[in-house]
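Q: Residue numbers (my numbering), protein chains in the order written: chain A, 1 to 181; chain U, 1001 to 1181.
Just so you know, these hints were derived from the structure itself, not from any lab.
Just so it is clear, CB atoms sit at the ideal spot from N, CA and C, and this is done for glycine as well.
Some hints here could point you the wrong way.
Derived lysine-lysine pairs resembling DSS-like cross-links, with alpha carbons at most 25 Å apart [stated by the list, open to error]:
hint, chain 1, residue 1, chain 2, residue 2
1, U, K1018, A, K176
2, A, K18, U, K1176
3, U, K1018, A, K56
4, A, K7, U, K1033
5, A, K33, U, K1007
6, U, K1176, A, K78
A short, non-exhaustive set of chain U residues, derived as facing chain A with CB atoms under 10 Å [unchecked claim]:
hint, residue
7, T1010
8, G1017
9, V1024
10, A1045
11, S1053
12, D1080
13, A1084
14, E1119
15, I1132
Protein chains: 2
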Amino acid sequence: MDTYEEKTVTGETLYEGKVITLRVEEVELPDGKRTARELIRHPGAVAILAITSEGKLVFVEQYRKALERSLIEIPAGKIDAGEAPEVTAIRELEEETGYGAREFIFIQSFATSPGFADEVIHLYLARDLYPIDNPAAGDEDEFINIMEVSLAEAEEMMTNGSIFDAKTAFAVFYAKNLLNT
Amino acid sequence: MDTYEEKTVTGETLYEGKVITLRVEEVELPDGKRTARELIRHPGAVAILAITSEGKLVFVEQYRKALERSLIEIPAGKIDAGEAPEVTAIRELEEETGYGAREFIFIQSFATSPGFADEVIHLYLARDLYPIDNPAAGDEDEFINIMEVSLAEAEEMMTNGSIFDAKTAFAVFYAKNLLNT
């Protein structure tokens, strides 16, 4: 798998924040030349494709400062230190939507921005949802609107640009293949 | 769309690199409280779902330093300053695969890591491919293996984890819906 490995010659951590760490590394390329790589370390995240008993997809809308706009996404959240991704997924579904799920299945993991970041998202499918009586509160700095939309509505939101998030676009396709078979 | 907007109170650029810029901004939340947001600015990128006349998907394998492993991805690349995304897409397809395409169609744009980065990927479909006689060379620091795989092979690579990249996973689903209808 690791043809063309780039060996680190020197490296420096330039910033360590609450969420991300920035490193710049000088690497040796396969031809012996050197170049600099700007690298973001991220703790990783989970995302949940939650489908109600009526076959509706559960989305959350929130302001994303990086893009200076609101985005409609599937529920998602960062993995806390030492937390197993499945635990994060169950927690985030509860915090963001108030739902628990009797069926919780791992779908797939993927890197989101491999050109500069190590962020990996672990995607889960949650079905047989039930409302939790007193759901745990989410992060203090998260303000979220919950939406439940049909698959047809979700596909229309892909076409018209209302869904503008990679993990959510993938999840809509996954739901389409799941619900249409 | 912009319910819960977070207004910037103060901000500072902590790093400006070749590819990414790091800013930390203090924002005012909808409830009047304040929090810090760590933000990565990125020029944006394109990715190309290229399908040969035999119905094979064109992938490239390259070492991704951020993840310290090789990844199999659809062809992709950063947008140069002032470049139209479609021009980037045609250029990157040539540089990374040696192919031109008689059919080049915009599919969709999406944010890759909206929690901390403004990177947007513009995804294109390229078909009716032809080999370019003397294709333009890619970046000096890019070392790439080209692969052409059937849809069934690509789906197997999703299942077994060989495809571990969000845009590529989305593209495989897109191809499945395109080729199976």
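Q: Holds or violated: is there a CB of chain A closer than 10 Å to the CB of E1119 (chain U)?
A: With a minimum Cβ separation of about 6 Å from chain A (threshold 10 Å), the hint on E1119 (chain U) holds.
Q: Interface hint check: I1132 (chain U), Cβ to nearest Cβ on chain A, cutoff 10 Å. Holds or violated?
A: Cβ of I1132 (chain U) sits 23 Å from chain A, so the hint is violated.
Q: When you check the alpha-carbon spacing of K1018 (chain U) and K56 (chain A), does it fall within 25 Å?
A: violated (43 Å)
Q: For the pair we were handed, K33 (chain A) and K1007 (chain U), check the Cα-Cα distance against 25 Å.
A: violated (44 Å)
Q: Answer holds if the nearest beta-carbon of chain A is closer than 10 Å to that of A1084 (chain U); otherwise answer violated.
A: violated (18 Å)
Q: Under 10 Å, Cβ to Cβ, is where D1080 (chain U) needs to be relative to chain A, so tell me if that hint holds or is violated.
A: violated (14 Å)
Q: Quick check on the hint: G1017 (chain U) CB to chain A CB, less than 10 Å?
A: Holds, because the Cβ-Cβ distance from G1017 (chain U) to chain A comes to roughly 4 Å (cut-off 10 Å).
Q: Are the Cα positions of K1176 (chain U) and K78 (chain A) separated by 25 Å at most?
A: Given that 25 Å is the threshold and the Cα spacing comes to 30 Å, the pair is violated.
Q: Holds or violated: K1018 (chain U) with K176 (chain A), Cα cutoff 25 Å?
A: Measuring from Cα to Cα gives roughly 39 Å; hence the hint is violated.
Q: Checking hints one by one. Is V1024 (chain U) an interface residue toward chain A, by the C-beta closer than 10 Å rule?
A: holds (7 Å)
Q: Would you settle whether the hint for T1010 (chain U) is holds or violated, based on the nearest Cβ-Cβ distance to chain A being less than 10 Å?
A: Violated: closest Cβ of chain A sits about 13 Å from T1010 (chain U), beyond 10 Å.
Q: Let's test the interface hint: is any C-beta of chain A closer than 10 Å to that of S1053 (chain U)?
A: violated (25 Å)
The structure fails hints 1, 2, 3, 4, 5, 6, 7, 11, 12, 13, 15 (numbered hints given earlier, in ascending order).
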